[in-house]
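Chains as they are written, first to last, in the working numbering: chain C, 155 to 426; chain W, 155 to 426.
Certain hints may be false.
Just so you know, same-sequence chains aren't split out, so a pair can sit in one copy or run between any two.
[As the list claims (entries may be wrong)] As a list, the in silico EDC-like pairs of lysine to aspartate or glutamate whose alpha-carbon atoms are at most 20 angstroms apart:
| hint | residue 1 | residue 2 |
| --- | --- | --- |
| 1 | Lys-256 | Glu-296 |
| 2 | Lys-201 | Asp-226 |
| 3 | Lys-256 | Glu-391 |
| 4 | Lys-284 | Asp-308 |
| 5 | Lys-256 | Glu-232 |
| 6 | Lys-303 | Asp-388 |
| 7 | Lys-293 | Glu-402 |
| 8 | Lys-350 | Glu-321 |
| 9 | Lys-342 | Glu-244 |
| 10 | Lys-293 | Glu-244 |
| 11 | Lys-342 | Glu-406 |
| 12 | Lys-398 | Glu-207 |
| 13 | Lys-397 | Glu-207 |
| 14 | Lys-268 | Asp-295 |
| 15 | Lys-401 | Glu-191 |
| 16 | Lys-268 | Asp-420 |
| 17 | Lys-284 | Asp-367 |
| 18 | Lys-398 | Asp-388 |
| 19 | Lys-284 | Asp-404 |
| 20 | Lys-248 | Glu-368 |
| 21 | Lys-397 | Glu-380 |
| 22 | Lys-248 | Glu-414 |
| 23 | Lys-421 | Asp-367 |
| 24 | Lys-342 | Glu-407 |
Everything labelled a hint here was simulated from the structure, so no lab data went into it. All values derive from a computational prediction rather than experimental measurement.
Number of protein chains: 2
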Amino acid sequence: MNIVIYGLGIIGASLAAALKDAGHTVLGKNRSRGAIEYALAHQMIDKEAASYEGADAVFVALPPDATMKELDEGDFPECCIVCDICGVKEAVEKVVFSKPRKYRYVGTHPMAGKETSGILSASRDLYRGKNLVITRAAKTDEEALETVKRLACDAGFGYIVECTAREHDEKIALTSQLAHIVSNAYGKSPLALSVKGFTGGSFQDMTRVGGVDETLWTDLYFYDREPLLNELSDLIERLTEYKKALKEGDREEMQRLLREGRLAHDKFFSEK
Amino acid sequence: MNIVIYGLGIIGASLAAALKDAGHTVLGKNRSRGAIEYALAHQMIDKEAASYEGADAVFVALPPDATMKELDEGDFPECCIVCDICGVKEAVEKVVFSKPRKYRYVGTHPMAGKETSGILSASRDLYRGKNLVITRAAKTDEEALETVKRLACDAGFGYIVECTAREHDEKIALTSQLAHIVSNAYGKSPLALSVKGFTGGSFQDMTRVGGVDETLWTDLYFYDREPLLNELSDLIERLTEYKKALKEGDREEMQRLLREGRLAHDKFFSEK
């Protein structure tokens, strides 16, 4: 297939390289020249895209606002499959489905990334074995969706899950967005600067993804405001129960809270 | 050296095997027979210890309460080095230094573990490259402490840090205890049961250590109550700031909070 990837950051460039390796013709489009040259030099794309002309599929791999603008205004060919890769989906669907489109939209969200961004962090096996969420709506073209699933397999994804945009946004609020807030907040303890030698694995795990790009993540949080607010409020409430037990010296309650968490933990780990 | 390890769970048995591999004579003591037989069959100990007689060093690798009882009442030989491996240190020192002891106490806390416990989870390279915290007090015997450091190197630890019991307890409240509470609480979201396919690495990191043994960890939390209460209260306060920004639609404040966390994150990651 002829595929155009617009936005050669870590997500777009890794996807370009994986699809090119799978035998597709991949053209790259990027606002700055540097990434195009890097992608060409590293065989991540076949050439630069002058336009979307001739594309069977386009992946718009830009930040949320820029993605929505492109999906609204981009000059996509008739019947072309157009995918976004945003970490929020209801907001994107709202723009796409606000009027009839020539193109066929399929929402995707690759559940892979690194603590760093940009094309220098891209790798051709970033998606190997990873999860991909694909969103479907009443207006989704089934053939387009099936094609995207095949492309996902070509790119190396190990598990593909389909759901509505709302379901995506609710679950991602828990699995990704809340985790980044907790991690960001966790590392603000004044003691975090003097823990060398005092860490096993748990502190690293808590703080690993805390170094977020504040502009991108503020956008993501506000596009997923209600589900995220629910999860964050609930977590604060739960943490406050442990605090209360500790403050009041209530060992039985602490044991009860920990047991409840252990049982939940065992349950979702066994269902994974 | 002749070393006795009392308590052949994951921590004790892994230590026994590593020290035996390094050429020491290691005797095991355990309340149940099963672990002794397993340790003998897997060359983790040389033989069972009938008593502490002839021991140059003893590691008491029991849960906190049992450790303190043993340090208070155990029949250790004159001048024998006796170490605990507890995750709290002030409480242990308080017991040890409450009266003159024939033995020489050195507190240790191996910063290594797994999500599972018991001798079946033990491994001879559990401590390879890991951190060990050693606590020192005014009453600490310097020669004993130096010997324990050499034993730690023999066991494979990669980095050894010395500090007071108080300093240990404050930092561990952040690096370990709080992380286990957050992880335990995080996994209680009702959505946690239906996230298959919706996870990258951050959800796994947040929930990995959540399946805690509620009896052991309640003990640890209550022995480290004040430092832990401080860290937990502070984290709840910080999370509430993000919640407020989200609730009030204050994007600038959200960006400020995330930037603050990113800078803290970059700072301690660069100092690691």
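Now for the hints, and whether the structure bears them out:
| no. | hint | verdict |
| --- | --- | --- |
| 1 | Lys-256 x Glu-296 | within (15 angstroms within a copy, 79 angstroms between copies) |
| 2 | Lys-201 x Asp-226 | neither (25 angstroms within a copy, 75 angstroms between copies) |
| 3 | Lys-256 x Glu-391 | neither (47 angstroms within a copy, 49 angstroms between copies) |
| 4 | Lys-284 x Asp-308 | within (12 angstroms within a copy, 39 angstroms between copies) |
| 5 | Lys-256 x Glu-232 | within (5 angstroms within a copy, 87 angstroms between copies) |
| 6 | Lys-303 x Asp-388 | neither (34 angstroms within a copy, 45 angstroms between copies) |
| 7 | Lys-293 x Glu-402 | neither (55 angstroms within a copy, 34 angstroms between copies) |
| 8 | Lys-350 x Glu-321 | between (40 angstroms within a copy, 12 angstroms between copies) |
| 9 | Lys-342 x Glu-244 | neither (32 angstroms within a copy, 25 angstroms between copies) |
| 10 | Lys-293 x Glu-244 | within (14 angstroms within a copy, 64 angstroms between copies) |
| 11 | Lys-342 x Glu-406 | between (30 angstroms within a copy, 19 angstroms between copies) |
| 12 | Lys-398 x Glu-207 | neither (62 angstroms within a copy, 46 angstroms between copies) |
| 13 | Lys-397 x Glu-207 | neither (59 angstroms within a copy, 45 angstroms between copies) |
| 14 | Lys-268 x Asp-295 | neither (32 angstroms within a copy, 47 angstroms between copies) |
| 15 | Lys-401 x Glu-191 | neither (59 angstroms within a copy, 43 angstroms between copies) |
| 16 | Lys-268 x Asp-420 | between (27 angstroms within a copy, 15 angstroms between copies) |
| 17 | Lys-284 x Asp-367 | neither (22 angstroms within a copy, 31 angstroms between copies) |
| 18 | Lys-398 x Asp-388 | both (15 angstroms within a copy, 14 angstroms between copies) |
| 19 | Lys-284 x Asp-404 | neither (42 angstroms within a copy, 34 angstroms between copies) |
| 20 | Lys-248 x Glu-368 | neither (24 angstroms within a copy, 46 angstroms between copies) |
| 21 | Lys-397 x Glu-380 | between (26 angstroms within a copy, 11 angstroms between copies) |
| 22 | Lys-248 x Glu-414 | neither (39 angstroms within a copy, 32 angstroms between copies) |
| 23 | Lys-421 x Asp-367 | between (33 angstroms within a copy, 15 angstroms between copies) |
| 24 | Lys-342 x Glu-407 | between (28 angstroms within a copy, 16 angstroms between copies) |
This entry does not satisfy hints 2, 3, 6, 7, 9, 12, 13, 14, 15, 17, 19, 20 and 22, going by the numbered hints stated previously.
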